[in-house]
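Please work from the sequences and hints to get the whole structure.
Taken in sequence, the protein lines are chains C and Y. Per the working numbering, the first sequence runs over residues 1 to 169. Per the working numbering, the second sequence runs over residues 1 to 584.
If you are wondering where the hints come from, they were derived from the structure by calculation, not from laboratory data. Some clues are possibly wrong.
[Stated by the list, open to error] No farther apart than 25 Å at their CA atoms in a straight line, the calculated lysine to any residue pairs in the SDA-like style are these: (1) C:K38 x C:A88; (2) C:K34 x C:K117; (3) C:K55 x Y:S500; (4) Y:K382 x Y:D268; (5) C:K55 x Y:M325; (6) C:K5 x C:E111; (7) C:K76 x C:G116; (8) C:K151 x C:D115; (9) C:K24 x Y:R489; (10) C:K15 x Y:T167; (11) C:K52 x Y:T167; (12) Y:K48 x C:E25; (13) C:K24 x Y:E493; (14) C:K52 x Y:Y579.
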Amino acid sequence: MPKIKLSENTINTIKDICAEFENKESELINVLHKTQGKLGYLPAEVQEVVAKELKSSVARVYGVVTFYSYFTMIPKGEFPISICMGTACYVRGAEQVLSEFKRQLKVEVGESTPDGKFSLNCLRCVGACGLAPVVTIGEKVFGRVAPTQVKAIIGEYRQGCAADNVKSA
Amino acid sequence: MEVVNLIVDNKPVVVKKGTTILQAASEIGIHIPTLCYMKLDDLNIENKPGGCRICVVEVQGRRNLAPACCTDVAEGMIINTHSIRAINARRTVMELILSDHPSDCLICAKSGNCDLQDMAHNLGIRKIHYQGEQSHYREDTSPAIIREVDKCIMCRRCEMMCNDVQTVNVLSAINRGFNSVVAPAFEMNLDHSVCTYCGQCVAVCPTGALTEVDDTGNVIRLLSDPTKTVIVQTAPAVRAALGEEFDMEAGTLVTGKLVAALRRLGFDYVFDTDFAADLTIMEEGTELLNRLGRHLAGDKTVKLPILTSCCPAWVKFFEHQFPDMKDIPSTARSPQQMFGSIAKTYFADKLGIKREDLVVVSIMPCVAKKYECGRDEFKVNKNPDVDYAITTRELAALIKISNINFRTLPNEEFDNPLGESTGAGVIFGTTGGVIEAAVRTAYELHTKKELPRLDFDELRGMEGIRKATIDFGGIPIHIGIAHGLGNARKLLEEIQAGKSEFHAIEIMSCPGGCIGGGGQPYHHGNAEILKKRQKAIYLEDSKKAIRKSHENPYIIKLYDEFLGKPMSEKAHHLLHTAYFDRTE
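Structural data, given as structure tokens:
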């Protein structure tokens, strides 16, 4: 794992989040949740700061980060793509949609494209089963996605025309 | 006291409220099998994650089976510990555990000492009916401990030891479900972590997932090298435990047989770390009196309390966790390293050989000693003062490999000059022993009077933190004792906060001190064994003709011929050390 150096600013952001939860170790999950929300991911160096602030051990923090699939140590792309693999989406062909995304982006689940634009992940049910199969990109939800539409969806984001849409959503 | 009435296997039993089914059954002599569960009585150490489900029993009227180790009894409970349902569940659980466990028992380091193997045997498992994926995890080798995580059964004992007892906090369960393992943060290797190599994880691991680095092969090779003079030193706690490896009762002293066995293994000289323990007392005791004298004379710059520094895991612990306090512990090296240093100078000179041709092997109750002897500051031109440290367990293996019938060996004496020791050196092997030895010498050097008594019962025992005040001819000296790094942490935090009342503190990393070391024969969760070893150590002390370090004639001679006096420049160079901030 290459070492990254956190900026003073980032360290302060993490410290502020910890302080918001009174530096309580019992708030570890909430702290990690909020930190990931701010920074996009939880690299080792971030976990070290969290452990220090909450007077917990890095091993324990890492244990929690690896236990919950929501937490990630890999930076998400500018446009994080999530394919719902919940039961309804799955039976309506989510797997084929996922393979098409993998084929188009040339990445595996949990990875990001080299240009940092897209990352690919699976999740379990976004509560929009009526729209199955569902794909979310950022905060935007795509319903009844067919494998044939995947190329076009990616294309939209590649050109950047949908970017504003995502950011404001 | 509120009591609960229940029936276990048709026998009525009355127990205190809050008792577990496991304890209640054991009170009437019914042994429910356990695997992840472990309890060390009197040491406040208990592991009961309720994870393995081997201890399940049938409770009448309850839908599912109850894990006995973590289910409290309730009024009127009717329990069957060996109903067909319970037995089947237990065997199924065991088969499932085994279905994801390497079956290399024949060549596993833990074979014959493995709780999992024993349990499979006791449950009569002859076939594994389940086939599935097997976990594969890379092996992690450090200077002292090997992690073979494929053999981990997630009992979490190591985690409990590392976090709750030692507060070193290196290990945690990571990942989820089938992929979960116990590992250091970011799955780094142990040698990149703050691990102290205390080896308490090894001491409690029920399988071969955590073991010590095996140096027996290296020792055999050196013993058969005609160009080398190979000498051995053996730590005090070894003689109180080695017998267990040969089916002797725990607490049997085997000093004489130990010497005989080492001689038959081919060591050219059989020496005693106790000699170096006496030397440690001369240096550390003098340092204590020195600091104390300056403190009493009003010198505000002097650092007190002075902390003992014999334990390598403890040294690594404060270097990582309390680097701001690295000038408080005594600068005296540990007995192992003092021995190595004297052996490769004074003794090599006596033999007229070069240090490179003298090999020093030490027999230690400890796995951290393997790491300690590899530290750079204990080498001269890359040649280490101590070449190899092997554990009590490894020595037992060597003896067995060499066709030596340990039980029938005669009692033999250590060689001289580095084999003569006092009772003070012996008690280094137990919690409270180092400070008692230091008191015996420091008192007499300070007051110039003979001690009216030699047994300081107030310093002995098994409590995690103990305190005592000893009268040094009108000056009350406050002494603290901690064993287990979690207890040490408490005393250190007191010092940090400026609230410590102590003049001197003894710290040993392992519960019980070296008798409970990570390299000792496995105790399998039986704390009685540690207590018996402790008793044996004090017995050996009481039988010694000389019981004060400064009266050891060979120590006196060593200072006369070679070192000058304690804390002399030469002593400083050979017997003292410096500590490092390891936070980066």
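Checklist entry - Between K55 (chain C) and M325 (chain Y), is the straight-line Cα distance small enough, at 25 Å or below? => result Since the Cα atoms of K55 (chain C) and M325 (chain Y) sit roughly 19 Å apart, the hinted pair holds (cutoff 25 Å).
Checklist entry - Does the structure keep K34 (chain C) and K117 (chain C) at a Cα separation of 25 Å or less? => result Distance ~22 Å between K34 (chain C) and K117 (chain C) Cα, so the pair holds.
Checklist entry - Is K382 (chain Y) within 25 Å of D268 (chain Y), Cα to Cα? => result With Cα atoms ~23 Å apart, K382 (chain Y) and D268 (chain Y) stay inside 25 Å; holds.
Checklist entry - Is the Cα-Cα distance between K38 (chain C) and A88 (chain C) 25 Å or less? => result violated (31 Å)
Next on the checklist: Check the hint pairing K48 (chain Y) with E25 (chain C) against an upper bound of 25 Å on the C-alpha distance.
Outcome noted: holds (22 Å)
Item to check | Pairwise hint evaluation, S500 (chain Y) against K55 (chain C), where the allowed Cα distance is 25 Å at most | outcome: Status holds; Cα separation ~22 Å.
Next on the checklist: Against the 25 Å threshold, does the CA-CA distance of K52 (chain C) and Y579 (chain Y) hold or violate the hint?
Outcome noted: holds (23 Å)
Checklist entry - Does K151 (chain C) pair with D115 (chain C) here, judged by a C-alpha cut-off of 25 Å? => result holds (17 Å)
Next on the checklist: Check the hint pairing K52 (chain C) with T167 (chain Y) against an upper bound of 25 Å on the C-alpha distance.
Outcome noted: The hint holds at about 15 Å.
Item to check | Pair hint outcome, K24 (chain C) versus E493 (chain Y) [Cα-Cα no greater than 25 Å] | outcome: holds (20 Å)
Next on the checklist: Checking one constraint from the list: CA of K76 (chain C) to CA of G116 (chain C), max 25 Å. Satisfied?
Outcome noted: holds (8 Å)
Checklist entry - Between K15 (chain C) and T167 (chain Y), does the CA-CA distance stay at or below 25 Å? => result holds (24 Å)
In terms of the numbered hints stated before, the structure departs from hint 1 and from no other.
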